[in-house]
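Here the protein sequences come in this chain order: U and P. Residues in the first sequence are numbered consecutively from 1, following the UniProt record's numbering. Residues in the second sequence are numbered consecutively from 1, following the UniProt record's numbering.
The set of hints was computed from the structure by calculation and includes no laboratory data. Nothing here was measured: the structure is a model prediction, and the numbers come from that model. Some hints here could point you the wrong way.
Derived DSSO-like pairs (lysine-lysine); straight-line CA-CA distance at most 27 Å [as the list claims (entries may be wrong)]:
{"no.": "1", "chain 1": "U", "residue 1": "Lys-304", "chain 2": "P", "residue 2": "Lys-7"}
{"no.": "2", "chain 1": "U", "residue 1": "Lys-131", "chain 2": "U", "residue 2": "Lys-224"}
{"no.": "3", "chain 1": "U", "residue 1": "Lys-127", "chain 2": "U", "residue 2": "Lys-304"}
{"no.": "4", "chain 1": "U", "residue 1": "Lys-304", "chain 2": "U", "residue 2": "Lys-332"}
{"no.": "5", "chain 1": "P", "residue 1": "Lys-7", "chain 2": "U", "residue 2": "Lys-127"}
{"no.": "6", "chain 1": "U", "residue 1": "Lys-304", "chain 2": "P", "residue 2": "Lys-137"}
{"no.": "7", "chain 1": "U", "residue 1": "Lys-127", "chain 2": "U", "residue 2": "Lys-254"}
{"no.": "8", "chain 1": "P", "residue 1": "Lys-229", "chain 2": "U", "residue 2": "Lys-247"}
{"no.": "9", "chain 1": "U", "residue 1": "Lys-131", "chain 2": "P", "residue 2": "Lys-173"}
{"no.": "10", "chain 1": "P", "residue 1": "Lys-173", "chain 2": "U", "residue 2": "Lys-332"}
{"no.": "11", "chain 1": "P", "residue 1": "Lys-7", "chain 2": "U", "residue 2": "Lys-224"}
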Amino acid sequence: MAHTSTVARGGGEPSAPVRRNKPQARRTGLPDWLVPYALLLPGLLVIAALLLYPLYQLVDMSFHQVGLRQIRAVNPSPAEFVGLDNYSSILDSDLFWTSLRNTVVFAVVTVALTLILGTLVGLLLNKLGPKMSTFVVVGIMAAWATPPTAQAVVWKWLFDSDAGVVNWALNLLPDWLSSLVFGRSDWSGQPWFNDTITLYLVLIIAVVWASFPFIAVSVLAGLKSIPSELYEAARMDGATGVGTFRKITFPLLKPVFSVLIVLSTIWDFKVFTQLYLLAGGTVNRDAFNLSLWSYAEAFSSPPKMGLGAAIAVVLTAILLVITFVYVRNIVKTEDVR
Amino acid sequence: MSPITRKRLGRVALNAAGIAVFLFAVFPVYWMVTTAFKPNDQIFTTSFIPFPDPPSMDHVSRVFTEGVAGHSVWRYLLNSTIVALSAVVMGAVFALLAATAVARFRFRFRTSFLILLLIVQMVPSEALLIPLFTMVKRLGLYDQLLGLIVINVALTLPFSVWMLRTFVAAVPKELEEASWIDGAGRFTTFWRVLFPLVAPGLVATSIFSFITTWNEFVFALTLIGDQGKYTMPVALQFFVGQRSTDWGGIMAASTLMTIPVLIFFLLVQRRMVSGLVAGAVKG
Numbered sequence: 001m002a003h004t005s006t007v008a009r010g011g012g013e014p015s016a017p018v019r020r021n022k023p024q025a026r027r028t029g030l031p032d033w034l035v036p037y038a039l040l041l042p043g044l045l046v047i048a049a050l051l052l053y054p055l056y057q058l059v060d061m062s063f064h065q066v067g068l069r070q071i072r073a074v075n076p077s078p079a080e081f082v083g084l085d086n087y088s089s090i091l092d093s094d095l096f097w098t099s100l101r102n103t104v105v106f107a108v109v110t111v112a113l114t115l116i117l118g119t120l121v122g123l124l125l126n127k128l129g130p131k132m133s134t135f136v137v138v139g140i141m142a143a144w145a146t147p148p149t150a151q152a153v154v155w156k157w158l159f160d161s162d163a164g165v166v167n168w169a170l171n172l173l174p175d176w177l178s179s180l181v182f183g184r185s186d187w188s189g190q191p192w193f194n195d196t197i198t199l200y201l202v203l204i205i206a207v208v209w210a211s212f213p214f215i216a217v218s219v220l221a222g223l224k225s226i227p228s229e230l231y232e233a234a235r236m237d238g239a240t241g242v243g244t245f246r247k248i249t250f251p252l253l254k255p256v257f258s259v260l261i262v263l264s265t266i267w268d269f270k271v272f273t274q275l276y277l278l279a280g281g282t283v284n285r286d287a288f289n290l291s292l293w294s295y296a297e298a299f300s301s302p303p304k305m306g307l308g309a310a311i312a313v314v315l316t317a318i319l320l321v322i323t324f325v326y327v328r329n330i331v332k333t334e335d336v337r
Numbered sequence: 001m002s003p004i005t006r007k008r009l010g011r012v013a014l015n016a017a018g019i020a021v022f023l024f025a026v027f028p029v030y031w032m033v034t035t036a037f038k039p040n041d042q043i044f045t046t047s048f049i050p051f052p053d054p055p056s057m058d059h060v061s062r063v064f065t066e067g068v069a070g071h072s073v074w075r076y077l078l079n080s081t082i083v084a085l086s087a088v089v090m091g092a093v094f095a096l097l098a099a100t101a102v103a104r105f106r107f108r109f110r111t112s113f114l115i116l117l118l119i120v121q122m123v124p125s126e127a128l129l130i131p132l133f134t135m136v137k138r139l140g141l142y143d144q145l146l147g148l149i150v151i152n153v154a155l156t157l158p159f160s161v162w163m164l165r166t167f168v169a170a171v172p173k174e175l176e177e178a179s180w181i182d183g184a185g186r187f188t189t190f191w192r193v194l195f196p197l198v199a200p201g202l203v204a205t206s207i208f209s210f211i212t213t214w215n216e217f218v219f220a221l222t223l224i225g226d227q228g229k230y231t232m233p234v235a236l237q238f239f240v241g242q243r244s245t246d247w248g249g250i251m252a253a254s255t256l257m258t259i260p261v262l263i264f265f266l267l268v269q270r271r272m273v274s275g276l277v278a279g280a281v282k283g
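Using the sequences and the accompanying hints, generate a full structural model.
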């Protein structure tokens, strides 16, 4: 973006006469070298105080026992150092394996479904006429824009056991088909949120519904940037639809896909709001994922902040590994330098 | 089948798929809005009622008058607006300064700062909840909207700087140089030349921060205990917990919360994509 402007305005370096002195701002106050640091300072302070320092504190707390007496506002007592105790009690807990399983399975399934659906819709949008395409984009915007709390509440209502529209729709299926596919034909009163598996099924649907629009619109933006000559050439050579996707579209969109995969993984790995609301808070321990478990340990009574912090450290560590891949990709494709 | 018929059939199939996607995306939102306007006997039924007949304002007016958790939803909408607007204004100032530094100057640690921005964005905010909670408690900011505001500034800042720097970089540097030649100082140049040109980008970035803050749930849930200071998302979850069967009221509140986001979303949708994908999409 930056480099086009000079050239467009006829001031490209090659043709321009050699400049003797670059214009400079009239000297006022600060020496030149200090200006960028002064501009960065407020933002950097906020990031340091409210993101980096807490991150350090999080790690520190994970090695301590932090309870009510340590967090009270008046005269808090110092936290007791417990070494790796918090971490070993995580590993000993049954909840670790169920919540890790819930986290990973949910993330893998949701990321896969979101990407597949999003890519298909992106390809579809690219093929549709301009009016139809705008119509569909506005529609998927509605799903994307719905706030996470509202998403959870709406899907809870759609899957309500007594008056939910999903149970009504499932009852519409012919009995033989319903029995064949689901092994049952009567869906009246089906309680979706009591069982962990069906709870996660609804969660997956809700999150895929809310996140596929972003993938679709990003893929569409990527597709628009591919020169149409490539497709014409492929058609001349007699390539099929699937062949063109594999040989042209996918390789050219690879950087887009890698960013989308990592972003979706990060978002889905730590899903909290929708799970918290669909599961009805922290009552169903079987449905915990890592972030909900961390929250439950830290904010139940009595609060075990140290243990909660240790769980959060584990979650963050997993995410930072994924992030590493993401940052490496960005640094490769973007002008960070 | 002649090629023309086949082509036409293909077009029909594509449009049908488009309509199916549209319906899947829109139906839950449609159901939320229509439920808000249905009388109770049309909500608690096992039959399918596609449209409220006749539409009733009962639920909408009830969430305003009787409200949730002892307060009208006006209160929660107001709290949410205070938090989001304050966070956006503070964040916009900090982000604009930092973005100018990164886009206009070459200095040591510039690359390190950009990489720091990327990494910090990826730290799950849920993980920072525990230390920030103890910090807020210690500073006496528990139950204060101020604490929530400052935290939201921090949560949205890295992305704002990242997005805004491309807008600053897009302004031709010659304009500023011309202003310097005319004898303007650094501040005048920034305020009279750069700022007006970056303003559209600043608006887009601010809208994004507004949406993030408006939707923020976890911190609002943990840092606010006083029901009079709830933001809209927390009031909504309280609603669900308290009266899990009042679907009309819950849907009315959800609709009210979704409307501003939806409007803002349609305004900035394009820029958001390019910002999030951060350069991977070359357009």
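Hint numbers contradicted by this structure: Going through the list in order, the structure violates hints 1, 3, 4, 8, 9 and respects the others.
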